[in-house]
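Novice: Chain residues, written in single-letter form:
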Amino acid sequence: MAPQYAPSLRSRLPLVAFLLETIFLILFVFFVKIEQQHEQSGRESDSKLFISSYAEFQDVHVMIFMGFGFLATFLVRYGFSGSGFNVLLAAMAIQWAVLINGFLLPQRHHRREIHISMKSVIEAELCAASALVAMGAVHGKTNPVQLLLMALVEVTGFVVTQWILRTLLNADPVYSIMLLHVFGALFGVMVSWVLHREGIKPEHEKEKTDRKTGLFAMFGTLFLWMFWPSFNSALVGDYRRERGLKLTVIYGTYLSLAVSVVMAMSVSMLTSSKGKMNMVHVQSSALSGGVAIGVAMTAVHQPWIAMTIGFCAALLSALGYRYMKNHMLFAFECHDTCGVLSVHAIPGILGWFAHLFLRLASSESTIAVQFAVYHICVLLITACMSLVMGTATGTPPPMHSH
Amino acid sequence: MAPQYAPSLRSRLPLVAFLLETIFLILFVFFVKIEQQHEQSGRESDSKLFISSYAEFQDVHVMIFMGFGFLATFLVRYGFSGSGFNVLLAAMAIQWAVLINGFLLPQRHHRREIHISMKSVIEAELCAASALVAMGAVHGKTNPVQLLLMALVEVTGFVVTQWILRTLLNADPVYSIMLLHVFGALFGVMVSWVLHREGIKPEHEKEKTDRKTGLFAMFGTLFLWMFWPSFNSALVGDYRRERGLKLTVIYGTYLSLAVSVVMAMSVSMLTSSKGKMNMVHVQSSALSGGVAIGVAMTAVHQPWIAMTIGFCAALLSALGYRYMKNHMLFAFECHDTCGVLSVHAIPGILGWFAHLFLRLASSESTIAVQFAVYHICVLLITACMSLVMGTATGTPPPMHSH
Amino acid sequence: MAPQYAPSLRSRLPLVAFLLETIFLILFVFFVKIEQQHEQSGRESDSKLFISSYAEFQDVHVMIFMGFGFLATFLVRYGFSGSGFNVLLAAMAIQWAVLINGFLLPQRHHRREIHISMKSVIEAELCAASALVAMGAVHGKTNPVQLLLMALVEVTGFVVTQWILRTLLNADPVYSIMLLHVFGALFGVMVSWVLHREGIKPEHEKEKTDRKTGLFAMFGTLFLWMFWPSFNSALVGDYRRERGLKLTVIYGTYLSLAVSVVMAMSVSMLTSSKGKMNMVHVQSSALSGGVAIGVAMTAVHQPWIAMTIGFCAALLSALGYRYMKNHMLFAFECHDTCGVLSVHAIPGILGWFAHLFLRLASSESTIAVQFAVYHICVLLITACMSLVMGTATGTPPPMHSH
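Residue numbers (full-length UniProt numbering), protein chains in the order written: chain Z, 1 to 402; chain V, 1 to 402; chain A, 1 to 402.
Hints in this document: simulated from the structure, not taken from any laboratory.
You may find that some hints are simply not true.
Claimed, not checked - For the chain V half of the interface with chain Z, some residues (derived, Cβ under 10 Å), not all of them: (1) Ile23; (2) Ile26; (3) Met218; (4) Trp225; (5) Phe227; (6) Gly244; (7) Thr248; (8) Tyr254; (9) Leu255; (10) Thr298; (11) Ala299; (12) Gln302; (13) Trp304; (14) Thr308.
Just so you know, even glycine gets a beta-carbon here, dropped at the ideal spot from N, CA and C.
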């Protein structure tokens, strides 16, 4: 039983999608070219990089379309059309991200042209991931047209934030793009909060879960869980000297996830009144280790540090999912359907603290202070941008929601 | 409730499969060897090619067994045993394709031996894909023994067509093998048409769809959709100079599929009376961009051209699936269970036109005419072979169907 | 309806998992480091090996968590929480395997430190696979805490067996680790047998299968089936001279699996009273070709030998699953829930015989006798260790089961 929308809306989504797709196509005609490989310089390493990048791109691709698409199928009302709708949103968000990334972020903007390369496609998929995270907070509170427009606004906001961070703070792209979880989650929660204030009741009927579709959600979760090392490492190691770092990131993410899945299950069983695993909690919190290590990864060089980060992230996330979600509903009137605040925002901020702490511990005092200021600015700008843009997006008039 | 076959049939399928498998095994004893890598020449590039090929082979492998196997699970009567039966057919078709490819197509036939290599296995899987496309048209109208024999005849016909094209017209293998969609679809539709004329009623009960198995079909579709860039590019770029072309094919297929999934959903919602997505339409038409770009790919060098091809393919395919299927049933008494005509044949022919047009636009007049004649011959031979062989296969006596 | 455990047990599993995870974490702090790549020597081949290994590791990773996790979902009582529990067990088994492998098997133990590398992680996942095989025999007869402890004991036993084989017999690691199927299956069956003798009735209600969850089991099976070539070849070919062997293993496994899936279906249909495929039989026996070729692989150089091994393995395994399982239940009072004896032990021993026979056929008499003695010792030690440890593990007091 999909929601019944007004007749005017039924024809509006295909027309909006059709219109946007035509605009994207026209923009691609004028601005986008396929990057040709440089045959002169470094042939050997180029084709090796290609091989490596394509496999990693495939892993990220599977995560976006299979992982996120089926993660939310535990909601009975989601499911059949939901997983299809996820594909529509992600496909449009990727095309838009390729364009907006190319316009704003200069290193891929050669002679007023946007060049499609493995790197630009992977970055576009990461931007789409950030939009899919935001969507987790508003499932069941918006109509499809709103979701589609929200996804495109979210991607724009995230790329603008990236642009600010790289221009003002000269931030490392690999580090700043990993804040996608924090940005997406705060954005989504703000949209949900504003919509709620406007009188839309949280429809608990839409939160019902089902054991049968639960196995589909398990598939989605596992695809995310298994390929997360590729997600974190995809943009690391474009240059030979970073090859060791790439491997460190892969092993670190792998270990962090292994610990966080164990902790997520333990906490879920301990906090449940019947002592049974609540698979919805587990599916969400098992991934928190990947989120946290993603933000901290360039500073993590020991397996046990990665495992400790996974340990703490799963602990916080599982407790947050269990207790904070209802508290937020009653105290702040903020409803967060998939609990993205505990799954993405809290582990992301935990990873940010771990990053700060690890850098401070290994640096001299002057450099340490300098780094701390820079590091705090990056998080503040990201958080402010996402809160402001989320509030603006959720406010009815710009969304034409009624 | 699987169909109830006569007692004689129940034991016939395992015996036929057992017999064929034994024959294949004996043929393998005498004719097939594993290709040893040439240690002397070009060691470096060889092992690099191996790494790249194995990953692409895995993607194609997943598409054949997971993608096609679950694509048809939206039919309630298909499903459990259906996805298993798909594996049986594909496994036998691949073994047969390795043999028949090795016998007929000389470049893999060294000193009267067939050598197994990544390339030969990928080609065998593409031939099996062509048989699986043909099967989409006849689901529910044949018994398993007929399906198995039909698959082997289809593979034989497709390889013979390849042999004719390469011998008579000196056709490019990468281009001619991509006509597998057109060959498979026309073959399947002709078999279905002949069987229908013989008095077998289309059993509409077998076309019922189900929301629960629909999510499984979504899985199959997504695996096909995600890995299609590997499917198209698997045979491109065996040589270093083609490396750039391989990347162009990957990006082109990726963009074409992204546009076609958006268009498939829009058209499905617009043409539906209730304004809802019909996931069966979407699952089918979303793939049409990959089919079309597969035929046109060697002539596509700009992202927007790939996107336009995906746009048109999805438009035609979705409208065709919506309106042409029933029209064909009443006008021509031709029943096409999974709509392969709109999903594979029409986008394939559209891609062929795009290829012709792009080449004509970029060539001088004399070369252009020469190319046009060659190009038209390739399609005509493929279409004729598939129509003739499909009709012959569907006619009862050679199939021992009753 | 998950089983109802006593209240004391409900809180015991999370506490045990929490405690073990903390111990693992502390051990990682003191003993485990991430391996840094040697920048000085052989840069080129190192990074190429990395690329190749990471893709193969991903395939093995998918098999462990997706394949084994969903393989057992054909049991109605398994399923939702079962697939989650599989992840918990595998994640803990891998961490423990990294530690115990590093302590016992010297080549990864540099200067009293354990180094994490692609190879060590793949070996750890293979050890976890052996524990997951053992678990197939006891599903429904143990509580979660017992399963978790059993998995860790099994991994320990398997690594100790590896250590004995490598120290006493100087066995080839690639060959001895492939006996994981034999070790796991015998271990699991012994645990099941001892538990049964102690009066625990096989609960047939827990063996009920369901068509809907059957499709999920099909997914698990297909992931195992498709990626098995990577599973067998993952540890082959660390050195350049073995590159050809790696390819031979990949092609051999691929062909063996293609034949075994055809044979599994034929035998299943022939032995069924209604002539229908029993998907549970098929799902199990289709994999037997991969198990058998895994043990024999380093001696197989011709495609037809690989196919014959797959042929015989599927024949024996399907007949064994059909007839032996019930016979064992009544004759020996041994209940084997997922039939691991026919799926893993019998094909494994068949592969061992094939290996012996192929080596004897290609060697001189003196070397042949020497090899036969060595080969028989390897199997005997593996079998004895698994039988003894399985019996010890199943006996109640050390397990604190009641």
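Novice: Going through the numbered hints above, which ones does this structure break? Give me the numbers in ascending order.
Specialist: 1, 2, 10, 11
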